[in-house]
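Chains as they are written, first to last, in our numbering: chain A, 32 to 253; chain B, 32 to 253.
Mixed in with the good hints, there may be bad ones.
Identical copies carry no separate label here, and so any pair may be met within one copy or between two of them.
[What the hints assert, rightly or not] Quick list of in silico lysine-lysine cross-link-like pairs, DSS-like style, CA-CA up to 30 Å: (1) K75 to K134; (2) K133 to K194; (3) K134 to K194; (4) K133 to K75.
Rather than coming from a laboratory, the hints here were simulated on the basis of the structure.
It should be emphasised that the depicted structure is a prediction, and the values quoted were computed from it without experimental measurement.
There are 2 protein chains.
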Amino acid sequence: MRDALVAAAFQLFLERGYEQTTVDDIVALAGVGRRSFFRYFPSKEDVVFPDHERCLADMTAFLAESGEAEEPVHRVCDAARLVLRMYAENPTFSVQRYRLTKKVPGLRAYELSVVWRYERALAEYLRTRFTGRDGTLQADVIAAAVVAAHNNALRSWLRSDGKGDSDAAVDHALGYVREAFGGAPPAHRGGEQPEDVVVVVSRRDAPLWRVVQEIESALGRN
Amino acid sequence: MRDALVAAAFQLFLERGYEQTTVDDIVALAGVGRRSFFRYFPSKEDVVFPDHERCLADMTAFLAESGEAEEPVHRVCDAARLVLRMYAENPTFSVQRYRLTKKVPGLRAYELSVVWRYERALAEYLRTRFTGRDGTLQADVIAAAVVAAHNNALRSWLRSDGKGDSDAAVDHALGYVREAFGGAPPAHRGGEQPEDVVVVVSRRDAPLWRVVQEIESALGRN
Numbered sequence: 032m033r034d035a036l037v038a039a040a041f042q043l044f045l046e047r048g049y050e051q052t053t054v055d056d057i058v059a060l061a062g063v064g065r066r067s068f069f070r071y072f073p074s075k076e077d078v079v080f081p082d083h084e085r086c087l088a089d090m091t092a093f094l095a096e097s098g099e100a101e102e103p104v105h106r107v108c109d110a111a112r113l114v115l116r117m118y119a120e121n122p123t124f125s126v127q128r129y130r131l132t133k134k135v136p137g138l139r140a141y142e143l144s145v146v147w148r149y150e151r152a153l154a155e156y157l158r159t160r161f162t163g164r165d166g167t168l169q170a171d172v173i174a175a176a177v178v179a180a181h182n183n184a185l186r187s188w189l190r191s192d193g194k195g196d197s198d199a200a201v202d203h204a205l206g207y208v209r210e211a212f213g214g215a216p217p218a219h220r221g222g223e224q225p226e227d228v229v230v231v232v233s234r235r236d237a238p239l240w241r242v243v244q245e246i247e248s249a250l251g252r253n
Numbered sequence: 032m033r034d035a036l037v038a039a040a041f042q043l044f045l046e047r048g049y050e051q052t053t054v055d056d057i058v059a060l061a062g063v064g065r066r067s068f069f070r071y072f073p074s075k076e077d078v079v080f081p082d083h084e085r086c087l088a089d090m091t092a093f094l095a096e097s098g099e100a101e102e103p104v105h106r107v108c109d110a111a112r113l114v115l116r117m118y119a120e121n122p123t124f125s126v127q128r129y130r131l132t133k134k135v136p137g138l139r140a141y142e143l144s145v146v147w148r149y150e151r152a153l154a155e156y157l158r159t160r161f162t163g164r165d166g167t168l169q170a171d172v173i174a175a176a177v178v179a180a181h182n183n184a185l186r187s188w189l190r191s192d193g194k195g196d197s198d199a200a201v202d203h204a205l206g207y208v209r210e211a212f213g214g215a216p217p218a219h220r221g222g223e224q225p226e227d228v229v230v231v232v233s234r235r236d237a238p239l240w241r242v243v244q245e246i247e248s249a250l251g252r253n
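Take these sequences, add in the hints, and give me the full structure.
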């Protein structure tokens, strides 16, 4: 019945426009009562984004399962891929919704609030992993960067009518964030960065012999 | 009259709550008619954020003035500081509004839409500067990271009741983004990072004596 309500709602939104369609119209077309509608969807906006609550719950559960050994930036990138997967499950529906959302300011505002909740879920997880003095700053910035990269790739895919390889596009976009914030695994870095540069970070007051030892070790010369 | 309307609105929001205050209540307290209210503010939400439109216009103008010689990440960081300045102009009002916004879901949604518009203004500028294959990706990610860093510092300052050095907090937060995306000038890096850490980047095939020379120079020991 939930799917039938979503299908009826979208048929009417596309035919008449979002604002011109009432919940009564939707339930009449789906052949059910108003109470059934509100059992599934708190409001008309929610029928446009029927799977975000489930996806948010999946994301929160996925992040809660993370162990200490997981590289945190890698983990939030994987969490963001859950959102892509939801869109990619049903390209036709996702493209229709994208077009509708662009036209209706109320849906745009609703979508911003959903995006904000995804971003907070990622940031909350990162805050548990980055516990230094700048932990909340790092968490907030990286969460925002991951969401922006994901959405950049997702929107390109939606604008291409759901054609093309959405996974590859999102991987590429998230790779940019992981390079910037050091969450790229060694194999990835090896492919991306030139092998001929070595970075050494040292305390200013470290004795010089200690620094040289570190460099020799980084260069693989000892 | 505009300031009187804002003052009356906030007095009532704090006394009765936002939802319980009508535009009629506000104009009655300010001693003006309804039409005066709507001449300044399209809606009750707008009276809560009276200066965002001006600030958005200032930001857009500031970015439009940029020359090719400006480092783009540096430029968007300076643009973000315009928002901080607006908040810092009137700490008491900003702190009151922060508390109010946290409590009222409708204002939270309105604020998200304002933040989104700032982010888009930064991203649009960056898109004109990053014209490579990944230009829109870089622009979107850096704009989101700048906004997240700015807001992290701004919120800390608001939570501390507008005490403390908001400029220093935002500089520090934006410094993190500039380091990640390569927009930090050498002088800035020196001021931001703890003085007791030295970073040396060297070609892997450089002779060791050359690397040691670089370190000595970085440590100021030669």
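- Query: What are the numbers of the hints the structure violates, in ascending order?
  - Reply: none
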